[in-house]
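The listed protein sequences derive, respectively, from chains A and B. Quick note, the first sequence lines up with residues 1 to 464 if you use my numbering. Quick note, the second sequence lines up with residues 465 to 928 if you use my numbering.
What the hints contain is simulated information worked out from the structure, not anything from laboratory work. Mixed in with the good hints there might be a few duds.
Stated by the list, open to error - In silico contact screen, one side only, chain B against chain A (beta carbon under 10 Å); selected entries: (1) ALA472; (2) HIS619; (3) THR648; (4) ILE657; (5) ASP748; (6) PHE750; (7) GLY924.
Ideal placement from N, C-alpha and C gives every residue a C-beta, glycine not left out.
There are 2 protein chains.
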Amino acid sequence: MGAMQEKAITIQKLFDLLKSGEDLTKKNPVFIEGWVRTNRSSKSIGFIEVNDGSCFKCIQVVYEDKLANFADATHYLTGACIAVRGEIVMTPEMKQPFEIHASEIILLGDVAEDYPLQKKRMSLEYLREIATMRPRTNTFNALYRVRSTLALAIHEFFQSNGFVYVHTPEITANDAEGAGQTFTVITDAKDPIKDFYGTKSSLTVSGQLHVEPFALAFGKVYTFGPTFRAEKSNTPRHASEFWMIEPEMAFADLQDDMDVMEASIKFSINYILEHCPDEMAFFDKFIAPGTIEKLNAVLAKPFVRMTYTEGIKILQEAVKNGHKFDYSKIEWGMDLQSEHERYLTEEVVKGPMFLTDYPKEIKAFYMKENADGKTVAAADCLVPGEGEIIGGSQREDNYDVLKAKMEKAGNDKGLEWYLNLRKWGGCVHSGFGIGFDRLLMYITGVANIRDTEPYPRTFGNLKY
Amino acid sequence: MGAMQEKAITIQKLFDLLKSGEDLTKKNPVFIEGWVRTNRSSKSIGFIEVNDGSCFKCIQVVYEDKLANFADATHYLTGACIAVRGEIVMTPEMKQPFEIHASEIILLGDVAEDYPLQKKRMSLEYLREIATMRPRTNTFNALYRVRSTLALAIHEFFQSNGFVYVHTPEITANDAEGAGQTFTVITDAKDPIKDFYGTKSSLTVSGQLHVEPFALAFGKVYTFGPTFRAEKSNTPRHASEFWMIEPEMAFADLQDDMDVMEASIKFSINYILEHCPDEMAFFDKFIAPGTIEKLNAVLAKPFVRMTYTEGIKILQEAVKNGHKFDYSKIEWGMDLQSEHERYLTEEVVKGPMFLTDYPKEIKAFYMKENADGKTVAAADCLVPGEGEIIGGSQREDNYDVLKAKMEKAGNDKGLEWYLNLRKWGGCVHSGFGIGFDRLLMYITGVANIRDTEPYPRTFGNLKY
């Protein structure tokens with residue numbers, strides 16, 4: 001509150017002070033502002049749970065009939081915005097370490113009758129319809145705070161390890177890796193090609209190609225921004241707009257690449273467990289029991305590294321020994337299904353793993369061809385309960401090999417600048433991509449990408 | 465480099481060790497990798513300036529004719545990628561505190577004859593044509609590293625002050641604040657409306673409206689992401705794609721808003737001066753002399769706060785006293801031109817200032833109407849040498865007033881969710897927007913937005 005207005009203390013600040021050993025009652029009287037989560041009362045006393053968004057925790061406000069507006073206060077509904085002046089009273093015997101005994105409760109913003117949140121538990125599907133209000137629920141209060149903290153963790157990890165953050169463009173003249181269907185950007189539907197930019201313009205599906213030149217100048221770089229896929233998928237794991245992290249490193253081969261993938265995932269998990277203990281306890285209890293144990297298992301040991309060829313042999317052996325897959329015709333050269341990946345990470349390795357050196361035919365054109373002429377230096381990171389969470393590769397740094405592959409793939413036109421990196425002081429380099437929203441799903445145990453994004457965009461759905 | 469390959473030490477690491485007082489020669493022999501900036505030689509000795517991108521500084525590699533590939537090495541061109549093994553030799557009497565005497569120089573990646581960077585100084589206009597290569601020049605090496613560090617500064621400032629980072633959507637169903645021309649997103653030009661999403665979809669011009677609901681749940685939030693304007697402007701300050709920072713605070717009036725604007729700008733400037741001294745010294749010397757002094761002046765004192773009405777009086781007085789503006793008809797109600805803003809901040813205040821409480825007719829519909837019925841609680845931050853760098857306002861929190869204004873502006877349809885925030889536990893709240901690229905221009909003194917962005921997108925220009 002400004003010069004004319006009283007400054008409130010946040011609930012987070014009160015808990016910080018408590019943690020640092022301060023006597024909170026010395027702060028009396030206190031003044032807080034927030035939103036009513038619940039309000040129950042009898043004839044002479046009432047209890048309001050207030051959350052101010054500064055942390056996951058609420059604070060209990062106790063008010064009595066000596067309050068001038070006691071009768072009104074008993075009718076303050078879930079969602080109402082209030083300010084409370086009062087005395088902190090320590091309650092060491094209770095679940096909450098302290099509460100506020102109100103000397104004044106001021107209604108800052110009432111709720112109309114059509115307020116869409118109820119006191120009772122609401123389904124995630126219902127809440128998905130009210131994206132502007134769900135941040136006021138426990139689940140989304142926790143989820144979006146973890147999202148914010150996870151974004152900071154990503155920046156801290158990469159910047160403290162010498163990576164330069166590059167804002168690769170959202171609007172692009174090329175279809176990037178040909179990774180999927182693209183959205184077209186226009187101002188005039190009558191002539192979408194010769195339009196604002198004078199050339200076809202698409203929304204990016206990946207920042208990788210654009211960030212590679214920066215790796216060949218700064219050594220280590222990363223992107224972290226929105227990417228888009230116009231695929232008409234309707235699954236819990238697909239959104240048409242999502243955030244990607246794409247690190248790229250000069251002088252790094254596939255082994256280095258895997259080292260950094262593993263370190264970044266472990267750092268992120270550690271960071272969230274350390275900085276969001278209340279939120280993670282909530283997810284572990286109410287959303288996906290076992291999540292914290294799952295994450296601690298990821299931290300516990302080095303990720304196993306296994307070649308695709310070795311993986312195929314193990315899967316063939318499993319089929320021979322009677323294991324049933326939906327798709328049981330395991331052959332070298334096939335694209336593994338999720339059930340196969342999960343069998344390897346869950347049943348064989350029993351932990352996170354990298355599957356490496358895939359057949360070149362099933363991987364992208366920019367991946368480094370191995371000496372065997374059949375495989376490429378790619379690595380997918382697989383984790384139990386999920387399957388793939390990161391994909392990376394060493395990049396093809398041989399001009400002639402890459403040129404031939406690009407011509408074969410038909411994407412050599414317009415990407416000369418990308419190819420030229422291989423003749424203008426190129427070197428061994430590698431990188432990977434992490435879907436940020438999927439990483440958040442994995443860490444919190446939240447099962448639908450529509451819940452991890454503030455305003456999810458999916459096929460046929462564009463609300464707000 | 466991976467398991468099979470030797471690990472290089474970065475130039476940044478060497479300077480860090482030096483700073484911490486370590487005897488660098490104890491690291492001998494060292495192994496570095498990077499790109500040739502310059503290479504000059506005589507019959508028996510050569511000197512290569514190497515930059516590895518880990519920092520702004522280069523390292524001088526000295527090589528002699530005892531090197532097996534001495535003759536070849538004398539021909540390694542600007543831009544070639546090399547590895548060097550050798551001994552660090554301290555050179556306290558030289559400009560650079562140490563150099564490397566090479567025992568081996570390995571060519572990792574040669575440069576073809578069409579390499580577009582030259583040893584001599586190149587114009588910014590020329591470099592704009594080769595966005596993939598300009599990061600290897602001094603100017604852009606410095607600029608993009610400052611960009612990366614500034615992004616981290618923004619995150620650190622807001623997160624350490626309890627703001628939750630919210631990824632507002634890029635694709636939106638509404639035209640946001642009606643702030644400008646929008647791009648349309650389609651997959652099928654034949655039917656751009658009933659397309660992928662079943663409704664008209666645009667690229668966002670501002671995350672503000674989408675982030676306000678989150679402020680009313682978390683108290684303090686911020687966005688930091690790409691935004692788009694399809695305006696056919698061709699000025700050094702306009703790009704069609706740029707990054708915006710948009711903080712929003714519940715329980716905050718315009719005075720609080722200005723407090724946070726000022727604190728965030730000062731924090732950012734301090735952070736860059738502290739973390740990027742080499743880069744800032746370069747800008748101060750070669751790009752915009754006086755930049756560091758300008759920034760220190762911003763840090764030196766509180767920003768002055770002046771009302772629009774007061775500003776108009778001062779400008780009228782100035783005209784009366786003979787000051788010549790291009791546009792000299794100063795009247796209350798007018799939209800100030802850049803020359804007027806700069807006169808106030810440069811000639812009158814002689815420092816950063818806020819101009820507040822503008823006529824409601826010239827400001828956006830969502831700004832809080834003041835008690836006078838004529839002005840709104842808006843504040844623009846003006847700085848010498850630039851004019852406006854931030855715009856903010858307290859938001860209209862009265863349902864009826866906002867509804868009437870939205871109906872008048874014709875944007876009430878589709879924004880019911882925004883209006884509803886005012887009847888579902890609303891409160892006093894405020895926010896502001898910083899154009900990240902323009903902030904970078906201001907801090908570095910770089911005069912064209914096309915240079916601050918890795919791949920600038922402007923009207924008629926979409927390369928890469």
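Evaluated hints:
1. ALA472: Holds: closest Cβ of chain A sits about 6 Å from ALA472 (chain B), inside 10 Å.
2. HIS619: Given a least distance of 6 Å, the restraint on HIS619 (chain B) holds.
3. THR648: At about 5 Å, which falls below the 10 Å cut-off, the nearest Cβ of chain A leaves the hint on THR648 (chain B) intact, so it holds.
4. ILE657: With a minimum Cβ separation of about 9 Å from chain A (threshold 10 Å), the hint on ILE657 (chain B) holds.
5. ASP748: 21 Å, violated
6. PHE750: 18 Å, violated
7. GLY924: 5 Å, holds
Figure legend: structure checked against the earlier numbered hints; hints not met, in rising order: 5 and 6.
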